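Protein sequence lines correspond, in order, to chains A and B. To convert, note that position 330 of the first sequence is 342 in this note's numbering; the numbers rise steadily by one, no gaps. To convert, note that position 88 of the second sequence is 109 in this note's numbering; the numbers rise steadily by one, no gaps.
Source of the hints: derived by calculation from the structure; they are not laboratory data. What you are looking at is a predicted structure, and each value in this text was computed from that prediction instead of being measured. Just so you know, even glycine gets a beta-carbon here, dropped at the ideal spot from N, CA and C. Do not rely on the hints blindly, as some may be mistaken.
Some, not all, of what chain A presents toward chain B, calculated at C-beta under 8 Å [claimed, not checked]:
#1 Lys64
#2 Glu68
#3 Tyr69
#4 Phe71
#5 Asp72
#6 Arg73
#7 Thr74
#8 Asp451
#9 Ile452
#10 Ala453
#11 Leu454
#12 Lys560
#13 Lys579
#14 Thr580
#15 Phe583
#16 Thr586
In silico SDA-like cross-links for lysine to any residue, where the CA-CA straight-line distance does not exceed 20 Å [claimed, not checked]:
#17 A/Lys376 - A/Thr259
#18 B/Lys80 - A/Ile77
#19 A/Lys579 - B/Glu51
#20 B/Lys129 - A/Glu584
#21 B/Lys78 - A/Asp72
#22 B/Lys129 - A/Asp60
#23 B/Lys129 - A/Thr529
#24 B/Lys129 - A/Thr79
#25 B/Lys80 - A/Arg73
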Amino acid sequence: MAYLLTSLKRLLERIRRSKPEAASFPGIFEQFQTLLQDHQQVMELIADLGEKSGGEYIFDRTYLIDTIKIMHTVLLRMVNSLNHIASNRYLELYTTLDRIFQPLEAELRGRLLLSDEMALVVDLQDLPLDHPELTGGKANALGRVLQSLKLPAPPGFVITTRAYRRFLESNQLEERIHAWLESWASGKLDIGQTSRQIQYSILAGLVSREVAGEIRRRTAKEGVYWAVRSSAYGEDGELSFAGLHETRLHVPPTKIISAYKEVLASLFSPGALSYRQKMGLLGEEAAMAVLCQETIVSRAAGVIQTLDLSCPGANHLVIYSSFGWGRSVAEGRATVDRFVLEKDHSNHILVREIAAKRFMVGPKPGGGEEEVPVPQEEQRHPSLSDEAIKTLVKWALHLERYFKRPQEIEWAQDESGALWLLQSRFMNISKTAMPPQEDIALVASRYQVILRDQGAVAHAGVGSGPVYQVDSEAKLSRFPEGAVLVIKYTAPWLTPVVPKAAAIIAERGSAAGHLATIAREFRVPTLVGVEGACERLPAGIKITVDTKQRMVYAGRVKELLHYELVKTPAFEETHEFRQLRRLLKRIAPLHIIDPQAVDFTPQGCESVHDVVRFIHEKAVNEVIDLPRLLKRFKGVKIFSLISDVPLDLKILDLGGGITSPQKGDRVLPEGIQSLPLKALWEGVSAPGVWSTEPVSVDFKGMMSSLTQTRAETPGASAYMGFNLAVISEFYLNLHLRLGYHLNLVDARMHPEPQHNHIYFRFVGGVTDMTRRSRRAQLLANILSKFHFKVDVKGDLVVARVLHLPQEEMQARLIVLGRLIGFTRQLDIQLKSDADIPQFMESFFQPDSQTRETPLA
Amino acid sequence: MSTKLKIMVLDDEPIVCKRLQPALEKLGYEVETFTQSLEALHEIQEKTYDIIITDLKMKGIDGMRFLQEAKKQHPATEVIVITGFATLETAKESFQKGVFDFIAKPFKLSEIQEVVTRATAKIQGAKA
Numbered sequence: 013m014a015y016l017l018t019s020l021k022r023l024l025e026r027i028r029r030s031k032p033e034a035a036s037f038p039g040i041f042e043q044f045q046t047l048l049q050d051h052q053q054v055m056e057l058i059a060d061l062g063e064k065s066g067g068e069y070i071f072d073r074t075y076l077i078d079t080i081k082i083m084h085t086v087l088l089r090m091v092n093s094l095n096h097i098a099s100n101r102y103l104e105l106y107t108t109l110d111r112i113f114q115p116l117e118a119e120l121r122g123r124l125l126l127s128d129e130m131a132l133v134v135d136l137q138d139l140p141l142d143h144p145e146l147t148g149g150k151a152n153a154l155g156r157v158l159q160s161l162k163l164p165a166p167p168g169f170v171i172t173t174r175a176y177r178r179f180l181e182s183n184q185l186e187e188r189i190h191a192w193l194e195s196w197a198s199g200k201l202d203i204g205q206t207s208r209q210i211q212y213s214i215l216a217g218l219v220s221r222e223v224a225g226e227i228r229r230r231t232a233k234e235g236v237y238w239a240v241r242s243s244a245y246g247e248d249g250e251l252s253f254a255g256l257h258e259t260r261l262h263v264p265p266t267k268i269i270s271a272y273k274e275v276l277a278s279l280f281s282p283g284a285l286s287y288r289q290k291m292g293l294l295g296e297e298a299a300m301a302v303l304c305q306e307t308i309v310s311r312a313a314g315v316i317q318t319l320d321l322s323c324p325g326a327n328h329l330v331i332y333s334s335f336g337w338g339r340s341v342a343e344g345r346a347t348v349d350r351f352v353l354e355k356d357h358s359n360h361i362l363v364r365e366i367a368a369k370r371f372m373v374g375p376k377p378g379g380g381e382e383e384v385p386v387p388q389e390e391q392r393h394p395s396l397s398d399e400a401i402k403t404l405v406k407w408a409l410h411l412e413r414y415f416k417r418p419q420e421i422e423w424a425q426d427e428s429g430a431l432w433l434l435q436s437r438f439m440n441i442s443k444t445a446m447p448p449q450e451d452i453a454l455v456a457s458r459y460q461v462i463l464r465d466q467g468a469v470a471h472a473g474v475g476s477g478p479v480y481q482v483d484s485e486a487k488l489s490r491f492p493e494g495a496v497l498v499i500k501y502t503a504p505w506l507t508p509v510v511p512k513a514a515a516i517i518a519e520r521g522s523a524a525g526h527l528a529t530i531a532r533e534f535r536v537p538t539l540v541g542v543e544g545a546c547e548r549l550p551a552g553i554k555i556t557v558d559t560k561q562r563m564v565y566a567g568r569v570k571e572l573l574h575y576e577l578v579k580t581p582a583f584e585e586t587h588e589f590r591q592l593r594r595l596l597k598r599i600a601p602l603h604i605i606d607p608q609a610v611d612f613t614p615q616g617c618e619s620v621h622d623v624v625r626f627i628h629e630k631a632v633n634e635v636i637d638l639p640r641l642l643k644r645f646k647g648v649k650i651f652s653l654i655s656d657v658p659l660d661l662k663i664l665d666l667g668g669g670i671t672s673p674q675k676g677d678r679v680l681p682e683g684i685q686s687l688p689l690k691a692l693w694e695g696v697s698a699p700g701v702w703s704t705e706p707v708s709v710d711f712k713g714m715m716s717s718l719t720q721t722r723a724e725t726p727g728a729s730a731y732m733g734f735n736l737a738v739i740s741e742f743y744l745n746l747h748l749r750l751g752y753h754l755n756l757v758d759a760r761m762h763p764e765p766q767h768n769h770i771y772f773r774f775v776g777g778v779t780d781m782t783r784r785s786r787r788a789q790l791l792a793n794i795l796s797k798f799h800f801k802v803d804v805k806g807d808l809v810v811a812r813v814l815h816l817p818q819e820e821m822q823a824r825l826i827v828l829g830r831l832i833g834f835t836r837q838l839d840i841q842l843k844s845d846a847d848i849p850q851f852m853e854s855f856f857q858p859d860s861q862t863r864e865t866p867l868a
Numbered sequence: 022m023s024t025k026l027k028i029m030v031l032d033d034e035p036i037v038c039k040r041l042q043p044a045l046e047k048l049g050y051e052v053e054t055f056t057q058s059l060e061a062l063h064e065i066q067e068k069t070y071d072i073i074i075t076d077l078k079m080k081g082i083d084g085m086r087f088l089q090e091a092k093k094q095h096p097a098t099e100v101i102v103i104t105g106f107a108t109l110e111t112a113k114e115s116f117q118k119g120v121f122d123f124i125a126k127p128f129k130l131s132e133i134q135e136v137v138t139r140a141t142a143k144i145q146g147a148k149a
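Could you put the whole structure together from the sequences, leaning on the hints where they help?
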């Protein structure tokens, strides 16, 4: 990347030397075109990266490095273009680019992990989920349980591997540990001596003031005891360190620091050392994060295994349960209750073994744990009710669906009866334990195929369940856990059911759209663009969806589900995917939405997307700043649209947007060739939309409109009185000032759906803020019905829709055209919130709007 | 299942092997993967594969040399080249060396599955 920095410096110098006002029209015109193309290219690269995180593609590190490199180059060009158009008023953007790209490049070189950016101690609620190296496997899984799956886990925090490194450094332990390990390897020390030496020096070490302070701050609560558990990196991952590292239960706050050191020291217990030696890991650096959670004083606790090891081929899960704390269950020290259940949707209890539970483990007064006898008369009571079993099974299946591996789950039930999830880890299944499986290709071929090779993969995986179709928000709330969601459109309001779905099939939408992103977040196998899915997959039928092969089978293909669960590594857990997700977090989110907001500046940009958005907005503003544009660009052909609709619209054609202008610079609506403008105009000029009758203004609205000057409306002074459309055959950028509010439409209607977008922004108005917000709400309601993703902030509405085919983009632009007419003076008419539904109705009512709404 | 076709996957980035293996096994192939070209070279001295999927740009013996060697040893083996965009031109050259097809990385699972299916049809046609 060094060459980029030098070329950047050279560019900066060149720009500084150049005279600010020298840009000529052809130059600017060319730059603007290039900028629009570059904008498109970066947006496509972002979408590409997003798509790659869905698991359908095989990519490698080289791809990531190349993509970031290209992105950087194109963005540099965009910054150059903007500065060319805007007479070097945005030179700060070069610093912004450095700020955003340096961490991306550091990430690709693998140098970000131990940087100061990473926390020493972090709450489970805020755990960075794509950094298991920082928090260890156990804590990472719990972070996901809490943040993504929203299951109840006791609150707590993680002392990260960075804190561990800090501990080694400040106590000068690194080299000493290394030396002891060397002595062991060469036979000078035996394993016991090695372990004792290292553990002793760790226990004698001092925890830095900063880390200790962070721990104390979090454990200051009166009367709370803590569980202090190991969360080594690699533990609970592909290798099982189960039971090798320490866990301290019921630790009082004053003893957490010493418990922390004990857990660190367990990284070098004789057992852990010999295990690492056996696995060939001694040469690699071990790192220990430590998880601290509030203690749950449990009446019962135990373990769930989502695969029955005594019968691995069967579709069963097993719950082990006992009174008191779970340690006796986990360590197999006591006789426990055992329940075996069907994993299909019946969750039928097949086996119910109630043991005589003579002892239980519980809290020792003052800290620690102890064994106490169970009263004779209670020993043969079941430790778990059927209702609690039901909840646990639901959680277990959700966890297995998400982690895509058989899970071993520790749970507890407190005195009030509430259930808690303590941890979930992959089950370690030895290959010999599994019955030899029939050839999977052969088995799958025996099932009936309903759909084959259709649609695009938004997230790869296999899921099974009954079909549930959602076409209204009412149906949304009744969505059953583990069903397959089948829909026409991937509308953003579907988001709440995504985590519950076993799989998703949508007729429309793209692998780079909003729902696809959410599906990836929750790892739900998703296919989009499956023509006729709603008809071919009627509600209630059981299906199995394999998005890796783009196959939908009738029924539950249990062999395939089993194969995926046990044989196929989850791609989500690979290093490359994690890295891609970390990169995406710095690239894809859009933080700056409102151009009038104070943080709409180069300094406010946090992601690549923000920078692209900022540049695009500013470049378009430069070009639509008509008075200045006209002065600067003498001889530029600007057309005037002649129409019955009294809108003074000027058109700048970038090519292919207009045919046969009438009399010089006048053009009739029939002359518009630009597809998006044509569609929008169809809506604007539809009969009944453009009511020219004056709207009756009530007293309050009137007073408000009288006292407000135009300059109060954001951006009013710059292009007052001018409406401009910048167009080409497939593109439209329209700034429309109607009365006191401003509409912005940026749209592309390409034959290839993935190039298409509509971006609509609506702001301002004549009345007070309450009424304007009311109108914003109304607009948001209407636009949501047409599957726009809508953000409302005060009186600002930002709506976006992506990647739909041309004809669907057209239908939505017609709606936007109608809306622009419809809402012209709505804020005056919307006197109370109660008026909103009535206006909604009048918009969707075909009678009042002679033209029928095509999509409602 | 001795009728299963044998596929070798060679790529020095382990992620490619890790993901291709189950995807191809699911289609009914027997799959072995290698990240070291030298090791793969030793392997083909002793064992015949029906299909070899190899990267072009690798440390040690590069893909072009490897596939020449593989073709020399077993002319009936079909070779599919997977390569980064930057080496696409070189990949085209590999056609002259009797390569069945090439695919640019990153690629969709369905793309490689389709090429493998075509190669299989060719192999079975030749056997029939």
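Hints versus structure:
no.	hint	result
1	Lys64	holds (6 Å)
2	Glu68	holds (5 Å)
3	Tyr69	holds (5 Å)
4	Phe71	holds (3 Å)
5	Asp72	holds (4 Å)
6	Arg73	holds (6 Å)
7	Thr74	holds (5 Å)
8	Asp451	holds (6 Å)
9	Ile452	holds (6 Å)
10	Ala453	holds (3 Å)
11	Leu454	holds (7 Å)
12	Lys560	holds (6 Å)
13	Lys579	holds (6 Å)
14	Thr580	holds (4 Å)
15	Phe583	holds (6 Å)
16	Thr586	holds (6 Å)
17	A/Lys376 - A/Thr259	holds (16 Å)
18	B/Lys80 - A/Ile77	holds (18 Å)
19	A/Lys579 - B/Glu51	holds (14 Å)
20	B/Lys129 - A/Glu584	holds (16 Å)
21	B/Lys78 - A/Asp72	holds (13 Å)
22	B/Lys129 - A/Asp60	holds (12 Å)
23	B/Lys129 - A/Thr529	holds (18 Å)
24	B/Lys129 - A/Thr79	holds (17 Å)
25	B/Lys80 - A/Arg73	holds (15 Å)
Comparing the model with each earlier hint shows no violations; every hint is respected.
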